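Student: The primary structure of each chain is shown beneath.
Number of protein chains: 2
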Amino acid sequence: MAQVLVDRRDVDFVLHEQLKIEKISEHEKFAEFTRKTVDLILSEARNLAIKEMLPTLKLSDEQGCTFEKGQVKVPDSFHKLYHLFREGEWIAMCDTPEFGGQGMPTTVAMAAMNYFNAANFPFTLNAILTHGAGKLVEKFGTDAQKKVFLKKMYTGQWGGTMLLTEPEAGSDVGALTTTAVKNDDGTYSISGNKIFISSGDSDLVENTIHPVLARIEGAPAGTSGISLFLVPKIRVNDDGSLGAANDVVCTGIEEKMGLHGSATCSLTLGGKGQCRGTLLGEVNKGMRAMFVMMNDARLNVGAQAMGCASASFMNALNYARERVQGRNLQATGKDAPGVPIIQHPDVRRMLLTMKAYTEGIRSILYYTGYCEDMIRISADAGEKARYQGLIDVLIPIAKGYASDRAFDVCNMGVQLYGGYGYTKEYPQEQLLRDCKITHIYEGTNGIQAMDLLGRKLGLNGGQAFKDLLDEMTRCVSGTQATGGLEGAASSLAHAIGILSEVAQHLEAASRSAKMMDAFAAAYPFMDVTGDTILAWMLLWRASVAARKLEDGAKKSDVPFYEGQIKSARFFINAMLPVTVGKMSAILTDEGTVMDISDEAFGGK
Amino acid sequence: MAQVLVDRRDVDFVLHEQLKIEKISEHEKFAEFTRKTVDLILSEARNLAIKEMLPTLKLSDEQGCTFEKGQVKVPDSFHKLYHLFREGEWIAMCDTPEFGGQGMPTTVAMAAMNYFNAANFPFTLNAILTHGAGKLVEKFGTDAQKKVFLKKMYTGQWGGTMLLTEPEAGSDVGALTTTAVKNDDGTYSISGNKIFISSGDSDLVENTIHPVLARIEGAPAGTSGISLFLVPKIRVNDDGSLGAANDVVCTGIEEKMGLHGSATCSLTLGGKGQCRGTLLGEVNKGMRAMFVMMNDARLNVGAQAMGCASASFMNALNYARERVQGRNLQATGKDAPGVPIIQHPDVRRMLLTMKAYTEGIRSILYYTGYCEDMIRISADAGEKARYQGLIDVLIPIAKGYASDRAFDVCNMGVQLYGGYGYTKEYPQEQLLRDCKITHIYEGTNGIQAMDLLGRKLGLNGGQAFKDLLDEMTRCVSGTQATGGLEGAASSLAHAIGILSEVAQHLEAASRSAKMMDAFAAAYPFMDVTGDTILAWMLLWRASVAARKLEDGAKKSDVPFYEGQIKSARFFINAMLPVTVGKMSAILTDEGTVMDISDEAFGGK
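Residue numbers (this note's numbering), protein chains in the order written: chain R, 65 to 668; chain P, 65 to 668.
Chain R extracted, bound-state conformation (with noise of 0.2 Å):
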């Protein structure tokens, strides 16, 4: 049968064959997530998407959220979801149960989350929020701000949000000019502006919890000067029971592209001075705290960006099977019987892409994961370290690069339908508008090609981004012998160190005079980072799958496992040495982008 939204067979190879997570179960502290357990969890993900939130994609999309009498209204479909959402406890996945979350391996829920934000991301991104501003009362909270808050917080009583941006602070958050003033009973009178604030109102949950960053009165200036502080819509009482409205007014939500289905608010906080919040870890140490909930808000967005791709990719491979039309090329004669569309070349170019692009990035996010889980069981304080800084190099690529493919593989699901690809009757065009978000939220790509360049690439002298470089030489040597796959692993070592090259150049450019130079290379650096790492991660699927169909799999597997090996040479053969072209030109370049006046760009 043909699957929708999420290849099935492709998730579970991820999780047991190429990740192999049962190492991560024998841990006691996942003991209880046997294959069985992952399995179900799997199963009730995806019935839930196909089932419940699928159907509500386009309905939401037309219908949006809406703004009247001061009130944001979710689509109206959304109160039987999130109730059904709240119901299966999908929240707070990977959370501490004490607190309300279930514990869940981090890359079990990403293989659940995959179906979700394949099946409508806007949705899910009304549920999932909370569970990242409830993460910061749980690493940042007293012991009150946990008890009032977190469980309430986890199981979808209440919502969560950030409060970052501000009209004059996008990029540069350091620039914000909310103010909080300390109140005779320890809470602080806040003031500001806030905007771009995901379910910043919404009528889905009876209160909304905002970790907002402000400044206290006399702080410095810049990103030292921010503190964290937490601010109910609702003000609550010492034993969680709701009081007063607490001064934070919606004063409107943004008419956008897509996304229809999360309210995107602008806020208002003490407009009537009425504004009270409570400290959340240290005095002039908010961004070292919104840092940490950094990675798994920028993973995550990551992942809707894949839902969006696997989603396309599943819907254009079935079209592609279905669609007759045109003839086989090699056809001769005017009677050539009309052939599905899968058969013909560029169609299988296009597809191909998609597989390998989706594929690719879903190793990508479930092994980022997969550290975090290593993190959690490791009892090493060496390999904790080891897996955190491979964390921190993929997280910019886990973002930025993956919802780059994410995005041209949904340009290509609109494509491979033609006309109708345009047409609000498929859901192609609407994924591709969804997408568009994912560049841009938690960070644009362009912040996180800095972030990869200026931060990740120097990150403990340079060892993590060496591990990582290890991690791929370690995959391509175990794969040189096999059978099959020694081009392609050659041609992957081949770019692994032009890779290690072109990171070496840029590191010492960006600490010299020629340090604009280095930055203005950093997207294309960030590409062909993103290309090697995908490259990998097709190549080390590829050598499971020759190994499983050399130990003779079963029949049914077969085809599966050779379409593994497959995507890995057509991405290694025909798109890898774009990348080295690519890498080739950063190190050759001399400086073009910096060296052109203001004036000289025109428009004048």
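Since the hints were derived computationally from the structure, they do not count as laboratory data. Among the hints, a few may not be true.
Since the list gives no way to pick out one identical chain from another, each pair is judged satisfied if it fits inside one copy or across any two copies.
Claimed, not checked - Straight-line alpha carbon distances no greater than 35 Å define the calculated DSBU-like cross-link-like pairs of lysine-lysine that follow: (1) K578 to K137; (2) K87 to K618; (3) K137 to K122; (4) K668 to K84; (5) K668 to K115; (6) K336 to K87; (7) K488 to K144; (8) K133 to K122; (9) K530 to K115; (10) K93 to K336; (11) K619 to K668; (12) K488 to K100; (13) K215 to K488; (14) K246 to K612; (15) K578 to K336; (16) K668 to K488; (17) K612 to K100; (18) K133 to K618.
Owing to the predicted nature of the structure, the values given are computational and were not obtained by experimental measurement.
Given the structure of chain R, go ahead and fit chain P onto it with the hints provided.
Tutor: Chain P alone, transformed into the frame defined by chain R:
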């Protein structure tokens, strides 16, 4: 003053300095189109575009077209606009004055259209298709058909369309099933269903004239049995007055991702057996007639994409000069002032990419128009044939490659605005949505790629493609001694050499047993051909600019000319190596796209 929509200085540069269209006005046919007249025409176009069309862009996107009680209505604001557009005689700019056209050089019309398409191309589409339909009448119609229809079409009193696509005949036009049965009076009774018909019905015009592809009873299967008919919505008497309704019924309009200002109609012809049409041209020569018009139609689609790119780039450039966010990366200390984002390296990379693409596409499209003009004024059959060959090779690039790169520009145009780019407060997201249709209609870009490889590469025994390479090489040779451009010229020469090799390789493969593999590389081949042509255009521009600077340009022109040199160097140094990588992949790939079974794509 900041330019909007289109950089006028750049338009003038291409027309008068790169292409030197004064040569064209030296010919008696175009004698009235002096520099002064051309300037006036473009200023008129700019005024209409900025003052009247641009204000309708967002409105018409929001309101869209409606279909109620069998009647299509365009957005309200289009009625006044259409009146002005007709009054300005913009519908048939290049067509024969005898029939109501303006007889303008195509190059100049491309420049005027640049403004209209940048301001609101869904509106422009409402008006401009009529010219294409009219051209068919002019070229293939009888004197009686011309007399009755032509002037009313070229002046916009009546609209025109193209009825090709059917539900089961999209890219495969030859599969169409609409039938035509000859009546005793020489007319034909037409019967069938057509879809995706832009302006298939409209309340802007009093009648709509449909050129319709249909198969006469007993005609051969496939494309060689297709004839072209002229079918008015309302029957037309011999004296040109309107008669009874002609049984052409609009049954619905598409809900689409963008292009909301243009109604995409489904039409049923002869549902009551009362649809009459007259043969246009010869029996069974319908496809040949359509092919004659196809170059023009595809060039227009490229021009629409260029319009989107042009507007998105100008908006982004103006925004980047005004939006203050973040500090100079090299600044030390917290007190460094905020800077306009144009100073940030990654923003510059985006702007320079947008500039190179937008200006390169402009040159490609205007040059294609220029070749048209050279055919119109040339007395030499060999020269005419040579220009026709250049046009034929350039068309898939001007439509397919140009629209892909225009979409990239629009995508960066959203990105550069950050969160604001995703909102409907700014035009960037609409430009991206609107631009997407240009990949699809008038033959998907996949079809363009097949056209380039399958038809154009071998055209005239390969002479047409060779002529194009020779043009490029001539430019390179003329630039190799130009100070500051030696390196760029030699890099381009290198790329041209490999492109020639790739072309020979694919041309041979496409006629061998490896035909399917060759066509799997058709799209990458279109990419690399387009990149090389774009690089040529930028180098050509740069060499003109360098000479102007050497000769002592006036001060206000210096930044513009320097910008030309910078963008050529940027594209050739930082981006052409990627192209070379893609060319090497085509040369060395061993057919990985075709070498996968249908099953192995997964999803089952």
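Student: Evaluate each hint against the coordinates.
Tutor: Evaluated hints:
For the identical chains of this complex, K578 and K137 are neighbours neither inside a copy (51 Å) nor across copies (58 Å), given an alpha-carbon limit of 35 Å. Proximity of K87 and K618 under a CA criterion of 35 Å is satisfied intra-copy only: 24 Å inside one chain copy versus 72 Å between copies. Taking identical chains as interchangeable, the C-alpha atoms of K137 and K122 lie at most 35 Å apart whether they share a chain (17 Å) or sit on different chains (25 Å). Taking the shortest Cα distances, K668 and K84 sit within 35 Å of each other only across copies (22 Å), while inside one copy they are farther apart (59 Å).
Proximity of K668 and K115 under a CA criterion of 35 Å is satisfied inter-copy only: 18 Å between copies versus 55 Å inside one chain copy. For the identical chains of this complex, K336 and K87 are neighbours neither inside a copy (55 Å) nor across copies (70 Å), given an alpha-carbon limit of 35 Å. In this assembly of identical chains, K488 and K144 lie within 35 Å of each other by CA distance both inside one copy and across copies; the values are 24 Å within and 29 Å between. For a Cα distance limit of 35 Å, the shortest separation of K133 from K122 qualifies both inside one copy, at 26 Å, and across copies, at 25 Å.
Taking CA atoms no more than 35 Å apart as the test, K530 paired with K115 passes in neither setting, with 44 Å inside one copy and 57 Å between copies. For the identical chains of this complex, K93 and K336 are neighbours neither inside a copy (48 Å) nor across copies (73 Å), given an alpha-carbon limit of 35 Å. Within a single copy, K619 and K668 get their C-alpha atoms only as close as 66 Å, which misses the 35 Å cut-off; across copies the closest is 14 Å, which meets it. Proximity of K488 to K100 under the C-alpha cut-off of 35 Å is found in neither arrangement, the shortest distances being 39 Å within a copy and 47 Å between copies.
In this homomeric assembly, K215 and K488 never come within 35 Å of each other (Cα to Cα): the closest approach is 40 Å inside a single copy and 37 Å across copies. Taking the shortest alpha-carbon separations for K246 and K612, neither the intra-copy value of 64 Å nor the inter-copy value of 65 Å comes in at or below 35 Å. In the homo-oligomer, the alpha carbons of K578 and K336 never lie at most 35 Å apart, since the shortest distance is 50 Å inside one protomer and 74 Å across protomers. In this assembly of identical chains, K668 and K488 lie within 35 Å of each other by CA distance solely across copies; the values are 26 Å between and 39 Å within a copy.
For a Cα distance limit of 35 Å, the shortest separation of K612 from K100 inside one copy, 21 Å, qualifies, whereas the shortest one across copies, 74 Å, does not. Taking identical chains as interchangeable, the C-alpha atoms of K133 and K618 are never at most 35 Å apart, the minima being 61 Å within one chain and 59 Å between chains.
The structure does not agree with the numbered hints 1, 6, 9, 10, 12, 13, 14, 15 and 18 stated previously, though it agrees with the rest.
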